[in-house]
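Enquirer: Residue strings, one per chain:
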Amino acid sequence: MKKCEAFIIGGSAGSLEVLLKVFPVIDSAISFPIIIVIHRKQGNDSMLADLLSSRTSLPVKEVDEKEKILPGTIYIAPSDYHLLIEQDHTFSLDYSEKVNYSRPSIDVTFQTAAEVYKDGLVCLLLSGSNSDGVNGLKSVKLWDGIAAIQNPDTAQVSYMPAQAQQHVKIDKVLNIEEIGGFLNLLS
Amino acid sequence: MSMSKKVFVFDDNADILELCTIILEDAGYDIKTSSTSNNIIDQVLSFIPDIIFMDNWLPDVGGIDATKELKQHATLKNIPVIYFSANNDVKALAEQAGADGYLSKPFDIQELEDIIIKHI
Numbered sequence: 001m002k003k004c005e006a007f008i009i010g011g012s013a014g015s016l017e018v019l020l021k022v023f024p025v026i027d028s029a030i031s032f033p034i035i036i037v038i039h040r041k042q043g044n045d046s047m048l049a050d051l052l053s054s055r056t057s058l059p060v061k062e063v064d065e066k067e068k069i070l071p072g073t074i075y076i077a078p079s080d081y082h083l084l085i086e087q088d089h090t091f092s093l094d095y096s097e098k099v100n101y102s103r104p105s106i107d108v109t110f111q112t113a114a115e116v117y118k119d120g121l122v123c124l125l126l127s128g129s130n131s132d133g134v135n136g137l138k139s140v141k142l143w144d145g146i147a148a149i150q151n152p153d154t155a156q157v158s159y160m161p162a163q164a165q166q167h168v169k170i171d172k173v174l175n176i177e178e179i180g181g182f183l184n185l186l187s
Numbered sequence: 001m002s003m004s005k006k007v008f009v010f011d012d013n014a015d016i017l018e019l020c021t022i023i024l025e026d027a028g029y030d031i032k033t034s035s036t037s038n039n040i041i042d043q044v045l046s047f048i049p050d051i052i053f054m055d056n057w058l059p060d061v062g063g064i065d066a067t068k069e070l071k072q073h074a075t076l077k078n079i080p081v082i083y084f085s086a087n088n089d090v091k092a093l094a095e096q097a098g099a100d101g102y103l104s105k106p107f108d109i110q111e112l113e114d115i116i117i118k119h120i
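Here the protein sequences line up with chains Z and U, keeping their order.
Once you know that position 16 of the first sequence is 16 in our numbering, the rest is easy, because the numbers rise by one and skip nothing.
Once you know that position 46 of the second sequence is 46 in our numbering, the rest is easy, because the numbers rise by one and skip nothing.
One or more of the hints may lead you astray.
Stated by the list, open to error - Mimicking EDC-like on lysine to aspartate or glutamate, the simulated pairs with C-alpha atoms at most 16 Å apart in a straight line are: (1) U:K105 to Z:D119; (2) Z:K21 to U:D26; (3) U:K71 to U:E95; (4) Z:K21 to Z:D119; (5) U:K5 to U:D42; (6) U:K32 to U:D60; (7) Z:K2 to Z:D171; (8) Z:K61 to U:D30; (9) Z:K172 to Z:E86; (10) U:K5 to U:E113; (11) Z:K138 to Z:D119; (12) Z:K41 to U:D26; (13) U:K77 to U:D50; (14) Z:K21 to U:E18; (15) Z:K41 to U:E25; (16) U:K105 to Z:E178; (17) Z:K21 to U:D108; (18) Z:K41 to U:D12; (19) Z:K68 to Z:E86; (20) Z:K21 to Z:E177.
To be verified - Output of the computed footprint for chain Z on chain U, the stretches with three or more beta carbons under 8 Å from beta carbons of chain Z: (21) 10-19; (22) 102-108.
What the hints assert, rightly or not - Using C-beta positions, here's what the derived DEER-type ranges look like: (23) U:N38 to Z:Q87: 48 to 54 Å; (24) Z:A29 to U:K71: 52 to 58 Å; (25) U:N38 to Z:K3: 39 to 45 Å; (26) U:H119 to Z:Y95: 48 to 54 Å; (27) U:M3 to Z:V173: 40 to 46 Å.
To be clear, the hints were calculated from the coordinates, so they are not data collected in a lab.
Ideal Cβ placement from N, Cα and C applies to all residues, glycine included.
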């Protein structure tokens, strides 16, 4: 693959504990942005960014509309908006219908990112209880990006990564303690 | 070795419960959570926390009635109850419930820890 231009992590139930273990391992000199899309309800946005920020020296911020995507920054999708990646490497937030009963939908972010970053994209799907993200990973593969999942055996809720494994040609199946190292090697 | 202070959080939002658990365990508290205020007295008696966080909107028995029940109990009435809600009227709701304090959602980690320290 060519150099990683963006690393996107999608997750649902059981994914926060994974992020909390992975964040301290991430190299502070990484050369690409990390974008996090996890399903959650409204009302705890600042607390989540705060908590994740306490586990890394990299800047962690919630995405603002039309914001430019910068390397070395960790972005979190705000609750209740779809997070789209635009061709000019900016974000846009969208309040349209839920996809897979979810907003933000992991599929939406993976799919829009796949067309932008093509073979420079790596997407990782974590623990979760629905199949959001599976179609997104299919798009990632269509555009020659890398599709990775958390090993379903290590997931608190295995359904989401297991569905991906069943329906998509997955490049990497990672145990929780392998995720940080995998990410650092892409830099 | 000193015993950890105990915090009981009532909220029907599982994300809030998960975040509060991680944050307060990090800060050295012993935490228990519940998504319902049914049988509030039994629930609280089973843990005897040093402080309680009560969400306004809870299924069946809402936060106001649950807090009132606690405040009418002979011994549990002395446990501080912090009312929390995204409702603009959180202060008035806390007063109506007879809570000892309130916290507006969304709140950050510091606000959560500060209000605990203030009350216990």
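Enquirer: Now tell me, hint by hint, if it's right for this structure.
Expert: Now the hints, each set against the structure:
{"no.": "1", "hint": "U:K105 to Z:D119", "result": "violated, 41 Å"}
{"no.": "2", "hint": "Z:K21 to U:D26", "result": "holds, 13 Å"}
{"no.": "3", "hint": "U:K71 to U:E95", "result": "holds, 12 Å"}
{"no.": "4", "hint": "Z:K21 to Z:D119", "result": "violated, 27 Å"}
{"no.": "5", "hint": "U:K5 to U:D42", "result": "violated, 20 Å"}
{"no.": "6", "hint": "U:K32 to U:D60", "result": "violated, 20 Å"}
{"no.": "7", "hint": "Z:K2 to Z:D171", "result": "holds, 15 Å"}
{"no.": "8", "hint": "Z:K61 to U:D30", "result": "violated, 29 Å"}
{"no.": "9", "hint": "Z:K172 to Z:E86", "result": "violated, 26 Å"}
{"no.": "10", "hint": "U:K5 to U:E113", "result": "holds, 12 Å"}
{"no.": "11", "hint": "Z:K138 to Z:D119", "result": "holds, 13 Å"}
{"no.": "12", "hint": "Z:K41 to U:D26", "result": "violated, 22 Å"}
{"no.": "13", "hint": "U:K77 to U:D50", "result": "holds, 11 Å"}
{"no.": "14", "hint": "Z:K21 to U:E18", "result": "holds, 15 Å"}
{"no.": "15", "hint": "Z:K41 to U:E25", "result": "violated, 22 Å"}
{"no.": "16", "hint": "U:K105 to Z:E178", "result": "violated, 35 Å"}
{"no.": "17", "hint": "Z:K21 to U:D108", "result": "violated, 21 Å"}
{"no.": "18", "hint": "Z:K41 to U:D12", "result": "holds, 11 Å"}
{"no.": "19", "hint": "Z:K68 to Z:E86", "result": "holds, 10 Å"}
{"no.": "20", "hint": "Z:K21 to Z:E177", "result": "holds, 8 Å"}
{"no.": "21", "hint": "10-19", "result": "holds (count 6)"}
{"no.": "22", "hint": "102-108", "result": "holds (count 4)"}
{"no.": "23", "hint": "U:N38 to Z:Q87: 48 to 54 Å", "result": "holds, 52 Å"}
{"no.": "24", "hint": "Z:A29 to U:K71: 52 to 58 Å", "result": "holds, 54 Å"}
{"no.": "25", "hint": "U:N38 to Z:K3: 39 to 45 Å", "result": "violated, 55 Å"}
{"no.": "26", "hint": "U:H119 to Z:Y95: 48 to 54 Å", "result": "violated, 38 Å"}
{"no.": "27", "hint": "U:M3 to Z:V173: 40 to 46 Å", "result": "holds, 43 Å"}
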